[in-house]
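Protein chains in written order, with the working numbering: chain A, 1 to 329; chain B, 1 to 345; chain C, 1 to 337.
I should point out that these hints are in silico values taken from the structure, not numbers from a laboratory. Don't take every hint at face value.
[Stated by the list, open to error] Now the in silico label distances, taken between C-beta atoms and shown as ranges:
no.	chain 1	residue 1	chain 2	residue 2	range
1	B	Arg319	A	Phe235	50 to 58 angstroms
2	B	Ser294	C	Glu144	37 to 45 angstroms
3	C	Glu74	A	Ala209	46 to 54 angstroms
4	A	Arg236	B	Gly62	33 to 41 angstroms
[What the hints assert, rightly or not] Sample of chain C residues facing chain B (criterion: CB under 10 angstroms; computed from the structure):
no.	residue
5	Met1
6	Leu3
7	Leu106
8	Val186
9	His212
10	Val216
11	Leu267
12	Ile270
Don't be surprised by glycine CBs; every beta carbon is placed ideally from N, CA and C.
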Amino acid sequence: MSESNPPPSATPDKALEQVAAGERVSRLKLLRESYLYYSFKRDIGVQLCLLIFALMVLAALFAPWIAPNDPYDLTQIDIMSSELPPFWVDGSDPRFPLGTDAQGRDMLSTILYGARVSLIIGFGAVALQALIGVVFGLLAGYLGGRVDALLMRLADVQLSFSTLMVAIIVGAIVQASFGRATYSSYAVALLVVIIGLAEWPQYARTVRATVLAEKGKEYVDAARVIGLPSRRIMFRHILPNAMSPIFVISTVQIANAIISEAALSFLGLGMPETQPSLGSLIRSGFDYIQSGSWWITLLPGAVLVVLVLVINLLGDWLRDVMNPRLYKN
Amino acid sequence: MSANHAIATDEAAPLLEIKGLRKRFSLSAGLLDQLRFRGGRLVRNRKYVHAINGVDLEVLRGEALCVVGESGCGKSTVARTVMGLISPSEGEIRYRGERIDGLAPRALLPYRRRMQMIFQNPYASLNPRMTISQTLQEPIRFHHPDWERRRVEEKVVEVMEAVGIAPDWGKRFGHEFSGGQRQRIAIARALAVDPEFIVADEPISALDVSIQAQVLNLMMDAQRERDLTYLFITHDLAVVEHFGTRVVVMYLGTVCEVAPTAALFATPRHPYTRALLSAIPRLSDHGVERVRLSGEVPTPVELPPGCVFHGRCPIANERCRREIPQLARHGDTLIACHAVEEGRD
Amino acid sequence: MPLLEVEGLDVRFALRQGEVQALRDVSFSLERGERLGIVGESGAGKSVAAFALLNLISRPGFIHAGSIRFDNEELTRYSERQWRRTRGNRISMIFQDPMMTLNPVLTIGAQMIECLRAHRRISTSEARKLSLARLRQVQIPSPEQRLDQYPHELSGGMRQRIVIAIALLLDPDLIVADEPTTALDVTIQAEIMALLLELCERHNVGLILITHDLGVVSQVTQRMLVMYAGRVIESGPTREIINDPQHPYTQGLINALPQMTPPGQRLNQIRGSMPSLAHIPSGCAFHPRCDFAQLPDGSPRPGCRAQVPPFVDSGNCRVACHMVRQMQQLDLEEATP
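Pulled out of the complex, with its shape left as it was, chain A reads as follows (with noise of 0.2 angstroms):
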């Protein structure tokens, strides 16, 4: 073709649209350009919570190596150190910036290594959700007909039982046929599993809804017309697509299953106090209101609340920013 071609833009109306509204791009190059650079960098309760929420994954992620004493080391705790207060009250000792509890433990290690366990159960519990959902939502939406109906049904009948409910259960089968020896050591595992199970159907909806959505698009009958196998259509053409939903639901469902592990630490049916989260530290203080050793229960309590918080606070931004309505395209 002798035509010379201008440099690429889109048309105006299209330019305009996609400034407004934030161009979808995908790749760490385009990041910088992108709305969802933009919008971050000019709101600055976002960055705040951004860094509030690393913070807290760096310290619980390195609590071995930052936290002054090993809870977990039966020979660094002295029972004379018992219920000491936080620094900031009189009687304090400033070995222990936040007080200890009942065993003497000292508060800011227990909480280091509690928020650690409760992030790796929120964690995992959201990537196995993830796993099961994503695959269940891009089978549903792609194939449709009856492995739609059947999954749909599935998904269906899981929301019917409360994650508290299938955890009870669960928990109470594994604690009484094997013991609490052998439950306490598979805990972690046995949660993520639990909270994965109870909460896969949010995942695979959303990403169900998506699929339907990108399955009417040109470029799906495209890959089609190439001959592509449905797989490959699915996973390397539908789900990069779907990506935008299934971040913003993860945050939230992070956030939910980190509140989940608390509820059922908090209940005596999640982690043992030997490896306490969170939930079971919250508990384990909780005898000490009445006496007067509030922050045994109050200091964990508080680092669980602004923990949901800003992931729920970042997950809302990141739905705002991300609102597919707004795409167009």
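Model the placement of chains B and C on the given structure of chain A, informed by the hints.
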């Protein structure tokens, strides 16, 4: 390749034959929604959209067969059925004499390389998460798994140059291009596997006038250089007059008239074709006498009995309301109309 | 005195990479009962112009400068309350998608009656009677039934007829129609266009028809504007522009139509594509695509790249093109030695 000799190579026969094609889409959702109590009995009540009702077509080698009609006439359904994107409810589709409807995906692969498709909406037909070169490499890699990397890349450069897109833009994503450029890329993707037959479903109707001309020129150049056969779906009669070798006029899922382009525009025979031609907004004042149609296109859910056009036809009579007209040959033209047959048009 | 006078209209959008000018120095006028076409491709700014006329530009867009005088009142200084009295009443709009006008959860009758009673002090039964009369005017079969139907129960053509009926409901002085038939089929489009034309003529209503379809413009309007990249580049009587376009872009647009070339031959294409509003070329925005931006000897034509072309009169038309201006000067010099 072993798959190749499965395809016959009779040069004289039509490239594509469609016989008695019907397609209906179920309107009712699940089985539970279909069940109704009526008169004390459980009745299964199913509603269908009759998108195509017995279409016969032949696409000859090297021609550009244009299918025109208004929305809902089934022209896009014909295109999608031919490409195997939807399976027909009844009828046969033959490519070089071999039936291709209902083939398993694997058995269809050798045909996929010969038949490609261009879509209407260039904003939706490119995967937004793939770069242009990824988009163009995919069909080549898939159909030629034995090709080495260099050869694939050379082929991509060749098709990009053929459609007038600079090859060094391959690293960009679809949204960085304008509508016309995207449609060029979509055409490049269709050309990448060296097809002989291209189904184009309204390829220019989403584009601006000046860009339409560019894309039509590109398609005509490609036809000349690559010996392509087109099945061109459009609602734009001006484009048909320019582009088509033969024209098929469809109304409500049936074929009204099939004629060589010049003949159709000089002497439209079917009353619907006449109305359609007279409705084109012309630039000049002294136009054709408008044939005004009363009413609107009926829904394809409950088809009228007899000729589907009788409700809007100015010359319909009792027979038209009763009996479905069949395509009959009048010279070079095939017409399905009682009035033409009886000479009262 | 013209019914509508637009002068130096400048509409901008404040976007994150800066301000984008969607309309630049757009001026035109419309007499009472006159029909004006605004033609251009997507991105030319024709819809923005229509929206600006009705004060429908919303954030991040705003009217930066210019005046819109309607019946001797300055619309750009109207308060939202004054707009509510004007919009739908004296100026009404027909959109491409009838569902932009129709509320899906109200019956046709309820919407028409509500619209009437918002602007006139009449009883519901009177309003219903008036609505019925309007529906008859737009040739809707069995209008009594339609009043009690919901928009989704009607076909696209029928909906657009109802939108026209609503647009005419309060006897406006001006109707702004933005691609009113683009979404419709050819035969339906022809009917609707004929109807709109007939009603405008009968009621002496001014019409601004925004479309990309030169055929429709040539059949309906008396005068037309051609827009490119936010600017008016040619204006004048429709017949004259269609038969003898002066601006190279208008020429290209008309020549690119398939019917302008014998069947089977390559069409006359304009190279390149419409620039994005964020990157409008300097000088004449069309110069990178223009064959006349070069002199016959291949050197660049003075002005095209550097200077926005001023309007020159050419017959009854006005054209913004350096080439046309320079040709005229040459003619003048030859005529007056």
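Confirm or reject the claim that C/Glu74 and A/Ala209 have a C-beta distance inside 46 to 54 angstroms. Given a distance of about 49 angstroms, which is inside 46 to 54 angstroms, the answer is holds.
For the hint on C/Met1, just tell me whether its beta-carbon gets within less than 10 angstroms of chain B. Violated, about 30 angstroms.
Any CB of chain B closer than 10 angstroms to the CB of C/Leu3? 26 angstroms, violated
Consistency of beta-carbon spacing, C/Glu144 to B/Ser294, with hint 37 to 45 angstroms: 20 angstroms, violated
Any CB of chain B closer than 10 angstroms to the CB of C/Leu106? Hint violated; C/Leu106 Cβ to chain B Cβ min 23 angstroms, cut 10 angstroms.
Per-residue hint verdict: C/Leu267, partner chain B, C-beta under 10 angstroms: 4 angstroms, holds
Measuring from beta carbon to beta carbon, are A/Arg236 and B/Gly62 in 33 to 41 angstroms? The hinted range 33 to 41 angstroms holds for A/Arg236 and B/Gly62, with Cβ atoms some 35 angstroms apart.
Is the interface hint for C/His212 satisfied, with its Cβ closer than 10 angstroms to some Cβ of chain B? 6 angstroms, holds
Interface hint check: C/Ile270, Cβ to nearest Cβ on chain B, cutoff 10 angstroms. Holds or violated? 4 angstroms, holds
Please check whether C/Val216 passes as an interface residue: C-beta within 10 angstroms of a C-beta belonging to chain B. 5 angstroms, holds
Hint check for A/Phe235 and B/Arg319 - Cβ pair distance inside 50 to 58 angstroms: About 57 angstroms separates the Cβ atoms of B/Arg319 and A/Phe235, which means 50 to 58 angstroms holds.
C/Val186 as chain B interface residue, shortest Cβ-Cβ below 10 angstroms: At 5 angstroms from the nearest chain B Cβ, C/Val186 passes the 10 angstroms test, so the hint holds.
In this structure, the hints that do not hold are numbers 2, 5, 6 and 7, in rising order.
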